[in-house]
Structure formats: C-alpha cells, structure tokens
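Asker: Protein chains in written order, with this note's numbering: chain X, -3 to 110; chain A, 4 to 116.
Some hints could be false.
[Stated by the list, open to error] Pairs of lysine-lysine residues, derived as DSSO-like cross-links and limited to a Cα-Cα distance of at most 27 Å, are as follows:
{"id": "1", "chain 1": "A", "residue 1": "Lys115", "chain 2": "A", "residue 2": "Lys74"}
{"id": "2", "chain 1": "A", "residue 1": "Lys66", "chain 2": "A", "residue 2": "Lys20"}
{"id": "3", "chain 1": "A", "residue 1": "Lys60", "chain 2": "A", "residue 2": "Lys6"}
{"id": "4", "chain 1": "X", "residue 1": "Lys61", "chain 2": "A", "residue 2": "Lys6"}
{"id": "5", "chain 1": "X", "residue 1": "Lys53", "chain 2": "A", "residue 2": "Lys6"}
{"id": "6", "chain 1": "A", "residue 1": "Lys108", "chain 2": "X", "residue 2": "Lys53"}
{"id": "7", "chain 1": "A", "residue 1": "Lys115", "chain 2": "A", "residue 2": "Lys58"}
{"id": "8", "chain 1": "X", "residue 1": "Lys14", "chain 2": "X", "residue 2": "Lys61"}
{"id": "9", "chain 1": "A", "residue 1": "Lys108", "chain 2": "X", "residue 2": "Lys61"}
{"id": "10", "chain 1": "A", "residue 1": "Lys60", "chain 2": "A", "residue 2": "Lys108"}
{"id": "11", "chain 1": "A", "residue 1": "Lys111", "chain 2": "A", "residue 2": "Lys62"}
{"id": "12", "chain 1": "X", "residue 1": "Lys65", "chain 2": "X", "residue 2": "Lys14"}
[What the hints assert, rightly or not] Computed far set for chain X versus chain A, every beta-carbon distance over 10 Å:
{"id": "13", "residue": "Pro57"}
{"id": "14", "residue": "Tyr60"}
{"id": "15", "residue": "Thr82"}
{"id": "16", "residue": "Ile98"}
{"id": "17", "residue": "Val109"}
[Claimed, not checked] Example chain X residues on the side facing chain A (calculated, C-beta under 10 Å, incomplete):
{"id": "18", "residue": "Lys14"}
{"id": "19", "residue": "Ser83"}
{"id": "20", "residue": "Ser90"}
{"id": "21", "residue": "Phe101"}
Read the hints as simulated data drawn from the structure, not as lab findings.
Just so it is clear, CB atoms sit at the ideal spot from N, CA and C, and this is done for glycine as well.
What follows is each chain in one-letter form.
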Amino acid sequence: EAQVTQNPRYLITVTGKKLTVTCSQNMNHEYMSWYRQDPGLGLRQIYYSMNVEVTDKGDVPEGYKVSRKEKRNFPLILESPSPNQTSLYFCASSPIGEAKNIQYFGAGTRLSVL
Amino acid sequence: SQKIEQNSEALNIQEGKTATLTCNYTNYSPAYLQWYRQDPGRGPVFLLLIRENEKEKRKERLKVTFDTTLKQSLFHITASQPADSATYLCALDYWGSQGNLIFGKGTKLSVKP
Chain X
-3 EAQVTQNPRY
7 LITVTGKKLT
17 VTCSQNMNHE
27 YMSWYRQDPG
37 LGLRQIYYSM
47 NVEVTDKGDV
57 PEGYKVSRKE
67 KRNFPLILES
77 PSPNQTSLYF
87 CASSPIGEAK
97 NIQYFGAGTR
107 LSVL
Chain A
4 SQKIEQNSEA
14 LNIQEGKTAT
24 LTCNYTNYSP
34 AYLQWYRQDP
44 GRGPVFLLLI
54 RENEKEKRKE
64 RLKVTFDTTL
74 KQSLFHITAS
84 QPADSATYLC
94 ALDYWGSQGN
104 LIFGKGTKLS
114 VKP
C-alpha cells in the first residue's frame, strides 16, 4: 500500500530534550516536506526537500533540522524543543513533475513539549 | 504579500443541500489549484485539482471551478451528507513552486441531518 508513515503518532517530552520524528514514504517520490498545523494558523511549512541531499527552509524553520540521506526518509529533528513547538506535525511527499505535485500526507504526529 | 484565503472558517448546511466553499489568491501565477479534505487529527487527503486553463472539473458529487480573472476557485459538494463534514483546504501550485504548495487555512464544513 502506497503511504507516508510517521512515527511516533503521539509524543510528550520536556523542554530541551532532543527528539526525532521519522517520516518514510514507499512511493519513490522526489519531494518531501514537513508542516506544522496550529489552530487558526493552518498548515505552515517547516522544511522541504527536492531530492536526496537537497533540503531548504520553509516558512517556519527556526528550531528544526532535517536531513535527506535516502530518498524514502525525511526525519525532523528538534535539537532543543521548547513549549512553542507543541503542535500537530505532518510529513508529506509528492512526485515532482508527475501528478501535478499532489501531496500525500502522513497521519500526523501530535507533539507536546512541557 | 502573496497569500491564499478561504473566506469562511466554518460553514453549516443542511443535509441534501449544496455546499459551496471559496478560495481566493493574490500575487501568484497559478499552475493548478488543488482541494484537500482533512478530518480531525488526520492528514489532508487530495480530492481534486484543476488547471489554470480549465474552467470546471467534476468528480462524483464534487465540482471545482477556477476563474483566473477573479483569482478564485469555488468548491461545490452537491447533495451533501453528514459524512462530508470535515475541513476542506485549497492549495495553490504556482509556476516555479518547485513542488511547494501554498495552503489556505481551511473551511470547516458541518452537514446537519
């Protein structure tokens, strides 16, 4: 089954404790992206990647890191989480150049930073 | 500044009626306009897209229109059902986007029996 898989689905952590949210897609998509979604603010892009070893900042990259060492994986790293990073996070992938950049989303990761 | 707006945060309608959602954009050269459905706590799911040179697209009970002069897309759900209740997001794919989409904040549709 074609899918984008995020783990964990739920995470509660404390300020300053490094964490990684994993994202994997099995559709051989070039493009991958991370979003956060907060009430009243909609989806905001954190980072995106056009292909392996190619990453770029989105609208709200501060406090986040990403890497794209393999085509299928695009982990989101919070080196020192803070309470304002409490949010619902989505990973998405897309086949650039085909299917008109339709994005396929993961099920989401709900993060709480205490 | 560049932006995309969905005029209503929420829309309440009666079952069987047609729901019409609006999406407006400024300062983009659109290639495609996409619509997604999002259920609470879940990821958005792609529904339909329409190209800049298309006026209308249909899929079952869904219809999308695209007016590049007005810089507006309308999303219609005919014969609405309670199961259609969800948040609907429009997303603009513009020339030079490198795959990035610009999402609206969404309209929460509630269909009452």
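Asker: Could you run down the list of hints and mark each one as holding or not?
Answerer: Comparing the hints with the structure gives:
1. Proximity of Lys115 of chain A to Lys74 of chain A is assessed by CA-CA distance (about 31 Å); at most 27 Å being required, the pair is judged violated.
2. The hinted pair formed by Lys66 of chain A and Lys20 of chain A meets the criterion: a straight-line CA distance of about 14 Å does not exceed 27 Å.
3. For a cut-off of 27 Å, the pair hint linking Lys60 of chain A to Lys6 of chain A stands: about 23 Å separates their Cα positions.
4. Between Lys61 of chain X and Lys6 of chain A the CA atoms are separated by roughly 26 Å; this keeps the pair inside 27 Å, and the hint holds.
5. The suggested pairing of Lys53 of chain X with Lys6 of chain A holds, with an alpha-carbon distance near 18 Å, which does not exceed 27 Å.
6. Under the criterion of a C-alpha separation no larger than 27 Å, the hint pairing Lys108 of chain A with Lys53 of chain X is consistent with the structure, at around 20 Å.
7. Taking the CA atoms of Lys115 of chain A and Lys58 of chain A, the gap is near 30 Å; set against the 27 Å cutoff, the hint is violated.
8. The hinted pair formed by Lys14 of chain X and Lys61 of chain X meets the criterion: a straight-line CA distance of about 11 Å does not exceed 27 Å.
9. Using a Cα cut-off of 27 Å, the hinted pair Lys108 of chain A and Lys61 of chain X holds, with the two alpha carbons roughly 25 Å apart.
10. With a C-alpha separation of about 22 Å, the suggested pairing of Lys60 of chain A with Lys108 of chain A holds against the 27 Å cut-off.
11. Restraint check for Lys111 of chain A and Lys62 of chain A: the C-alpha separation of about 20 Å stays at or below 27 Å, so the hint holds.
12. About 20 Å separates the Cα atoms of Lys65 of chain X and Lys14 of chain X, which keeps this hinted pair within 27 Å; it holds.
13. Interface exclusion of Pro57 of chain X from chain A stands, the closest Cβ pair being 13 Å apart, more than 10 Å.
14. Every CB of chain A lies more than 10 Å from the CB of Tyr60 of chain X, the least distance being 16 Å, so the non-interface label holds.
15. Here Thr82 of chain X stays apart from chain A, with its beta-carbon at least about 15 Å from theirs, past the 10 Å limit.
16. Against chain A, the non-interface label of Ile98 of chain X is violated: not every CB pair exceeds 10 Å, the least being about 5 Å.
17. Remark: the non-interface label on Val109 of chain X is consistent with the geometry, its nearest Cβ contact in chain A lying 18 Å away (cut-off 10 Å).
18. Proximity of Lys14 of chain X to chain A is violated relative to the hint, the smallest CB-CB distance being about 25 Å (cut-off 10 Å).
19. Below 10 Å, beta-carbon pairs count as interface contacts, and Ser83 of chain X has none with chain A, the closest being about 12 Å; its hint is therefore violated.
20. Using the Cβ-Cβ criterion of 10 Å, the hint placing Ser90 of chain X at the interface with chain A is satisfied: the shortest such distance is roughly 6 Å.
21. Interface hint at Phe101 of chain X: satisfied, since its Cβ lies 3 Å from the closest Cβ of chain A, which is below the 10 Å cut-off.
Hint compliance for this structure: hints 1, 7, 16, 18, 19 are not met, and every other hint is.
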